[in-house]
Amino acid sequence: MSTQRTYPIDVASIREDFPILDRHVGGDVTVAGESDGDTEPLVYLDNGATSQTPRQVVDAIVDYYYGYNSNVHRGIHQLSQEASVAYEEAHDRVAEFINAAGREEIVFTKNTTESMNLVAYAWGLEELGPGDSVVTTEMEHHAALVTWQQICKKTGAELRFIRIDEEGRLDMDHAAELIDDSTKMVSAVHVSNTLGTINPVSDLCDLAHEHDAYAFIDGAQAVPTRPVDVAAIDADFYAFSGHKMLGPTGIGVLYGKESILESMSPYLYGGEMIRTVTYEESTWEDLPWKFEAGTPVIEQGIALHAAIDYLDDIGMENVQRHEELLAEYAYDELTAHGDVEIYGPPGDDRGGLVAFNLEGVHAHDLSSILNDYAVAIRAGDHCTQPLHDKLGVAASARASFYIYNTTEEIDRLVEAVDAARQLFA
Amino acid sequence: MGLGSDMYRQQILDHYKSPRNYGEMEEPTFSHVGENPSCGDTIQVDVRLEDDEETIEYVSFTGDGCAISQASASMLSERLQGMTLSELHELDTDDITEMLGVTISPMRVKCAVLARQVAQDGAKLHNGDIDDLELTNLED
Ligand SMILES: Cc1ncc(COP(=O)(O)O)c(C=O)c1O
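Protein chains in written order, with this note's numbering: chain A, 74 to 498; chain B, -12 to 127.
These aren't lab readings, by the way, just hints derived from the structure by calculation. Computed from a predicted structure; not experimentally measured. Careful, some of the hints might be misleading.
[Unchecked claim] To give an idea of the chain A side of the interface with chain B (calculated C-beta under 7 Å), a few residues:
1) GLU432
2) HIS435
3) HIS437
4) SER441
5) GLY465
6) LEU496
7) ALA498
All C-beta atoms, glycine included, are put in the ideal place defined by N, C-alpha and C.
My request is simple: use the sequences and hints to build the entire structure.
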């Protein structure tokens, strides 16, 4: 069990920015928020599903609604101009954060899933056909897997899956075999939300480019947890969600290389994305607005800017080190009895999450017991059903860590797992 | 609730660890299967009726899955013996939670009632009240 630890980041002061971390749970779930029956201090270890939101981000939302709420790109009145500037600057801030060339390459969407679908529909439906292939991996989230599966069915393209090895890493020899001249798209997750594997995405992009294919990287678990440089990776598309990185729900990002986005047709039509319209014809706005039809996610974009500022203040290298520290600690503590199986690479080489099963206890029983101990984790297939089939389990429990988590909280998880072990002994 | 792990009282764990009436029946009057795919819970219920074609003589089950689904099947197999099919059809969710003797959290209700649903669907299939249901699936 942990002694006083020094973290790469100031966890104690970070925690003060997150009022929800003081919550108690255990009572009536039909009453939203803390109520009388809530007596146990919450341990929140479900950050891979969604992260919590600091005051600074909520303040940005409040400032917007109380100070300059207005539609963007429409009015010449002052509020609209203020909102437009802030909304456009949010694109610049995202571009800077992931080292994109500029706002032209940053499209705001609803979430990672929508970013994926945007490319699948706007590019895939147009460009794919019989004889083409899309190469993805066995560890994809349903966001990518189901989308390419369905687009391939519609277009007659073939979908291929790069194998994973015993440790849950991509078999890169297999990748090199599968990616060939028929390949038009390589779609891979950067950090697996189930295995915690950190994939060699820049090698995958190189393989794709050798065969004139594009590469789409799903960064939903990567951007929140480590420095990401889309230019260094050389991804053609890269997607992530605001709600997993201290931002609000309702905003995702699609990064695309400018020349590629330029060549693509719009995904949704309507207001905001057009330049000129006649009864017969329309022309499109410049990037990225061409892909942001209708009133966009204004508040969410501005709040995402604030979330990025918050993370940048901490420093993404430090965030990554904290994640690694917690992942390794959890890995070692959970496996100490030899009856917990954690899927994916070893503790010292993974992202900040552990998906596991306790021998003899179904994942849903385990998570119900953890819930009784006020430990919030995810149970199920984490939107990687085919991967769970491959692992030979219907479900697993997943604890996923973030900047405000401590080794003491992992101790609480381990104690709760111990309680389950004893109950079912 | 608190730290008691209320859903896992001794009775539930006992039925989970030593299920009653577990195994496939030699000559059931009818048998039926069901699952909750996302949980991986599966249950097969075998039923033998008495000559009146109405009274349940014996019930057995096989299955795999979480403690709630399996304990519920085990308890139900005991409870059903001697009941009539119309009594079986009257069993509702409250009867099952009462039988289990614990509060079932909303997300787990489908685990708790799977065996009952399989038994009811099996009986309906047997009587021709429904046809063509290969598998009971509470997530559909
Ligand atoms: C790897 C990965 N890809 C995609 C998603 C989908 O994200 P969202 O639900 O925000 O679209 C998630 C999270 O659920 C994820 O972990």
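Is the interface hint satisfied for A/HIS435? The criterion is a beta-carbon contact with chain B at less than 7 Å. Holds. Min distance 4 Å.
Next item in the hint list is A/SER441. Is there a CB on chain B closer than 7 Å to its CB? For A/SER441, the interface hint holds, since the closest Cβ of chain B sits about 6 Å away, which is under 7 Å.
Was the hint right that A/GLU432 lines chain B, CB cutoff 7 Å? With Cβ-Cβ at 14 Å, over 7 Å, it is violated.
Have a go at the A/LEU496 hint: is there a Cβ in chain B nearer than 7 Å to its own Cβ? Where the cut-off is 7 Å and the nearest Cβ of chain B is about 5 Å from A/LEU496, the hint holds.
Per the CB criterion, is A/GLY465 less than 7 Å away from chain B? 11 Å, violated
So, A/HIS437 near chain B? Judge it on the closest CB pair being under 7 Å. OK, holds: A/HIS437 within 7 Å of chain B, min 5 Å.
Is the interface hint for A/ALA498 satisfied, with its Cβ closer than 7 Å to some Cβ of chain B? Since the shortest Cβ distance to chain B is 9 Å, the answer is violated.
Against the hints set out earlier in the document, violations occur for numbers 1, 5 and 7.
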